[in-house]
Amino acid sequence: MTIPFSYIIRNLVTRKVTTLLTAGGMALVVFVFATVLMLEEGLRKTLVETGSPDNVVVTRRSAGTEIQSVISRDQAAIVENQPEVAYGASNMRLTSKETIVLISLTRRDSDKSSNVLIRGVGQTGILLRPQVKIINGRMFRPGLSEIIAGKSIADRYKGAGIGEKLRFGKREWTVVGIFDAGKTGFDSEIWGDVDQLMQAFRRSVYSSVILKMSDPAAFQKLKVRIEGDPRLTLEAKKESVFYAEQSQLLSNFIRYLGVALSSFFSVGAIIGAMITMYASVANRIMEIGTLRALGFRRKNNLSAFLTESLILGAAGGIVGLVLASFMQFFTISTMNWQSFSELAFGFTLNLSIIIKSFVFALIMGLIGGFLPAVQAAHLSIVDSLRAA
Amino acid sequence: MENFSAPIVHIKNLTKSYRRGGQIVSVLTDITFDIPSGEFIALMGPSGSGKSTLLNLIAGIDKPDSGTLKVGGIDIAILSEGDLADWRAANVGFIFQFYNLMPVLTAFENVELPLLLTQLSYKERRERVELALIMVGLSDRMEHYPSELSGGQQQRVAIARAFITDPVILVADEPTGDLDRTSAGEILAILDRLNSEMEKTIIMVTHDPHAAKTAHLIRYLEKGQLDVAD
Amino acid sequence: MHFLKLILRNTLRHKLRTGLTVLGIIVAIVAFGLLRTVVDAWYSGAEGSSETRLVTRNAISLVFHLPIKYQERIRKIQGVMEITHASWFGGVYISEKNFFPQFAIDAKTYFDVYSEYIIPPGDLTAFIIDRKGCVVGRKLADVYGFKIGDTVPLRGTIYPGTWKFTVRAIYDGAEAKTDTSQFFFHWDYLNETRKRVTARTERTTDWVGVYAINISEPSRAAEISSEVDAMFGNSLAETRTETEKTFQLGFVSMTEAIVVAIRIVSYVVLLIILAVMANTMAMTARERTSEYATLKALGFNHRFIAGLIYGESMIIALVGALIGILLTFPVANMFSEKVGTLFPVFGVSAETIYMQAIAALAVGIAAAVLPAFRSAQISIADGLRGIR
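Protein chains in written order, with this note's numbering: chain D, 1 to 388; chain Y, 1 to 230; chain E, 1 to 388.
Keep in mind that the hints were calculated from the coordinates and are not lab data. Since we're looking at a predicted model, the values are computed, not measured. Any given hint could turn out to be false.
Said to hold, decoys possible - With a straight-line Cα cutoff of 30 Å, these simulated DSSO-like cross-link-like pairs (lysine-lysine) come out:
| hint | chain 1 | residue 1 | chain 2 | residue 2 |
| --- | --- | --- | --- | --- |
| 1 | D | Lys-299 | E | Lys-177 |
| 2 | E | Lys-177 | D | Lys-170 |
| 3 | D | Lys-238 | E | Lys-97 |
| 4 | D | Lys-112 | E | Lys-195 |
| 5 | D | Lys-151 | D | Lys-133 |
| 6 | Y | Lys-70 | Y | Lys-12 |
| 7 | E | Lys-76 | E | Lys-97 |
| 8 | E | Lys-195 | D | Lys-158 |
| 9 | E | Lys-97 | D | Lys-16 |
| 10 | E | Lys-338 | D | Lys-45 |
| 11 | E | Lys-338 | D | Lys-356 |
| 12 | E | Lys-69 | E | Lys-177 |
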């Protein structure tokens with residue numbers, strides 16, 4: 001014999017304002033919780049998809065980022081000739097010697113500027129990143145002062161749109177193409193011919209060498225050989241790992257901030273639920289006594305009140321998730337502290353986040369309703385019938 | 001106000017209806033009657049007959065749809081919300097079935113409450129409140145909270161609160177409805193004294209024939225109409 | 001007098017509910033204060049910067065350096081009082097977790113330009129004469145336990161190798177907002193070591209990161225800036241000169257998205273607590289409907305009733321705010337210790353306290369609006385009958 005579900009629902013409907021405010025408070029907490037998880041997931045997805053597990057990034061030892069790395073021409077040649085390198089069409093080695101510089105660009109919507117990464121790539125550079133597709137215009141031609149810009153940069157920075165010109169390194173560079181790199185870090189970059197860029201910046205060294213392995217399983221062997229070569233002082237990382245490490249600091253920051261905020265805020269929402277449930281018990285002492293007199297047990301009352309607060313939590317969870325799902329339309333762009341350059345990423349909602357947020361909402365409801373429900377269960381029949 | 005040529009309450013063609021759940025329910029239809037000053041009148045009738053509505057209208061806590069409603073010569077149907085509140089504070093004393101005391105205030109403070117709307121000093125207020133509580137026989141319960149008093153005692157505090165401002169009329173809605181016979185007798189005795197010694201006009205709604213007997217005049221209401229039955 | 005007494009006693013009627021609500025407000029006010037302090041800390045670099053100081057960097061971006069020979073040329077410009085330089089070192093102390101800024105500086109001039117870094121004269125001399133000496137900030141010294149005479153090893157990410165420095169001086173800030181989490185050492189030492197170990201072609205020697213220039217009058221900042229930039233226009237390393245404040249704000253604007261997010265979230269916590277508080281007031285007012293009707297019947301007007309509800313709401317909000325504000329200080333201290341030198345300056349500002357008080361006041365008022373309105377509207381006859 002349990003207390004009917006419709007009876008519990010009707011109690012919530014009767015006290016509309018209270019139900020709305022309590023569930024509303026929880027919805028906001030769930031919204032913050034889910035949004036932070038979505039942001040972290042968005043960042044993770046961006047960087048995971050940037051790196052391919054078949055590719056290897058070689059940089060100077062302990063440089064951490066491509067910006068801080070220096071590889072001389074001799075060293076680059078040794079790396080390019082490793083036996084694990086895959087071959088593409090017409091027996092071309094799939095390696096790319098690249099140079100990275102940061103330039104300060106001004107935003108279109110304000111006068112503020114940010115550091116944007118320019119990558120000098122060889123002809124194979126684009127073959128190594130199949131996710132990069134030119135969606136407007138054409139590829140830059142070798143030997144010319146031409147560049148192509150990632151979609152997210154072209155949209156947001158002055159001079160980075162197709163046909164526009166950027167000035168750096170004592171030259172004018174024409175943007176001849178816009179590329180879409182999906183939701184990857186490359187979308188926040190500008191690419192040009194590596195030789196032209198090195199000339200313009202008076203550079204004689206590369207920043208990194210990227211290579212595609214014919215057999216990804218051979219990575220360990222390659223790594224040991226490169227890192228053990230006394231001529232090189234370089235280190236090799238799988239591209240996917242390399243990019244995940246790039247955002248470690250930012251991703252940790254988002255996670256810690258998110259956890260701290262959610263736990264702080266959930267205290268507020270749990271208090272809200274407790275207030276509501278205590279009032280719900282107090283308003284219905286007579287009913288509780290009557291139900292008990294009719295033969296319902298203590299545990300029926302306990303579970304009825306717990307169900308009520310779980311419904312509050314569930315309602316908050318659903319509304320919060322619906323609100324959070326709209327965040328998928330937004331993109332965040334900020335400086336990645338480690339690479340010192342602009343990085344754009346979105347909010348990504350997935351099943352695991354939905355489940356986590358919903359469980360979080362239910363737990364808030366459960367904690368908020370527990371003490372009041374215990375109180376309701378422990379009222380004596382006689383006392384509760386007398387109260388009115 | 002002791003003018004016997006004009007009645008203290010003058011009601012003519014008074015109608016009142018309510019909107020309940022989308023339906024219009026007529027409660028009072030075309031009521032006409034006067035209450036002379038200094039009268040102690042009991043309004044009786046079955047549930048839903050409109051007697052409480054009539055009492056509320058006379059006391060100025062509800063407004064009629066049409067008709068004339070003069071109390072002490074003033075047409076209270078046309079007063080604004082704010083003026084009506086001031087008018088009530090000066091002219092009406094309320095006694096309710098469930099006492100309606102403020103649970104957070106002591107007996108003394110509950111009685112003092114209406115005096116806060118006057119210009120009286122604390123000393124004057126104190127004297128009047130003590131006198132009133134002595135009159136209702138609660139001089140030893142002044143610092144008690146309502147929860148520490150019996151039902152009869154609470155109702156006596158409520159009566160003291162009702163006459164503390166020396167109003168023209170006292171309205172009582174089932175004043176003995178929640179009390180045992182002994183307590184009810186005490187309450188009725190106090191009301192009788194207020195009427196005979198202090199010449200207060202009392203209008204009382206009641207179900208209880210015993211209570212009605214204390215009044216000097218009984219009027220019956222049925223389906224929104226008054227019957228004279230004396 | 002009586003009015004206040006009535007409000008106070010009403011407030012204490014439901015001790016549990018009032019207590020829980022106050023607790024909720026405390027949590028929200030502390031969270032709000034902490035988030036605002038984080039935002040303040042973000043801007044602390046710009047906040048602590050001087051009006052009479054200009055920063056000259058490479059026009060392309062900070063990653064590009066400037067020749068050392070620019071120093072003497074800039075010094076000759078009229079209105080320039082003193083000039084020094086600093087170069088980002090980017091070293092790691094034991095592990096990546098221990099982040100603090102390190103700069104290679106011109107030992108003889110740096111502390112004349114940055115007069116807010118206060119060093120005992122004897123210690124300063126000791127630093128200047130020790131080529132491998134370093135100066136650390138007070139906060140940095142406290143966090144890592146550095147003492148004068150200690151050896152601090154840094155693993156270079158931009159400049160390879162492990163570099164060992166001896167602490168010769170600890171600097172204090174002239175004001176609370178002065179950043180004392182930095183680490184300074186001799187640029188000469190860095191430069192000479194680099195000359196010895198790297199190939200000529202790599203061009204990383206005799207270059208510095210930025211110049212810092214003290215000028216005589218702040219009003220001439222724009223004029224002198226253009227003069228500096230014109231001097232090196234069309235050279236290999238074009239310059240960009242701006243006031244230190246603009247320079248620092250440039251950094252903040254790169255991570256603006258995060259600051260904006262924290263700001264938004266700090267208002268969300270207020271919304272959450274508003275929902276909790278409004279719920280409490282709605283329940284309270286609903287329970288007291290017949291009391292309010294009685295008061296109205298006695299001749300009290302609706303302003304009095306509204307006053308009771310507003311008064312109660314304000315008392316709860318302000319008590320919560322008071323405790324919350326007092327708790328913000330220890331919580332901020334704990335937070336500051338936890339994050340170490342990530343935020344060089346972390347203090348609760350007077351403005352934050354005002355904002356907390358105003359926020360609590362606003363929540364108190366907003367929570368009472370609807371219940372007060374409803375209680376004033378309900379007819380006396382309905383109220384007495386106990387219609388809820």
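Cross-check of the supplied hints:
A threshold of 30 Å between alpha carbons decides the hint, and for Lys-299 (chain D) with Lys-177 (chain E) the separation of about 59 Å lies outside it, so the pair is violated. Annotation: proposed proximity of Lys-177 (chain E) to Lys-170 (chain D) is violated, straight-line Cα distance about 40 Å (limit 30 Å). For the proposed pair Lys-238 (chain D) and Lys-97 (chain E), the alpha carbon gap of about 23 Å is at most 30 Å, so the pair holds. The hinted pair formed by Lys-112 (chain D) and Lys-195 (chain E) fails the criterion: a straight-line CA distance of about 37 Å is larger than 30 Å.
A C-alpha spacing of about 10 Å is found between Lys-151 (chain D) and Lys-133 (chain D), which places the hinted pair at or below 30 Å, so the restraint holds. Annotation: proposed proximity of Lys-70 (chain Y) to Lys-12 (chain Y) holds, straight-line Cα distance about 9 Å (limit 30 Å). A threshold of 30 Å between alpha carbons decides the hint, and for Lys-76 (chain E) with Lys-97 (chain E) the separation of about 43 Å lies outside it, so the pair is violated. Between Lys-195 (chain E) and Lys-158 (chain D) the CA atoms are separated by roughly 39 Å; this puts the pair beyond 30 Å, and the hint is violated.
A C-alpha spacing of about 50 Å is found between Lys-97 (chain E) and Lys-16 (chain D), which places the hinted pair above 30 Å, so the restraint is violated. For the hint linking Lys-338 (chain E) to Lys-45 (chain D), the alpha-carbon distance of about 29 Å falls within 30 Å, and the restraint holds. Restraint check for Lys-338 (chain E) and Lys-356 (chain D): satisfied, since their Cα atoms lie roughly 27 Å apart, inside the 30 Å limit. Only pairs whose Cα atoms come within 30 Å are accepted, and Lys-69 (chain E) paired with Lys-177 (chain E) is rejected, the gap being roughly 33 Å.
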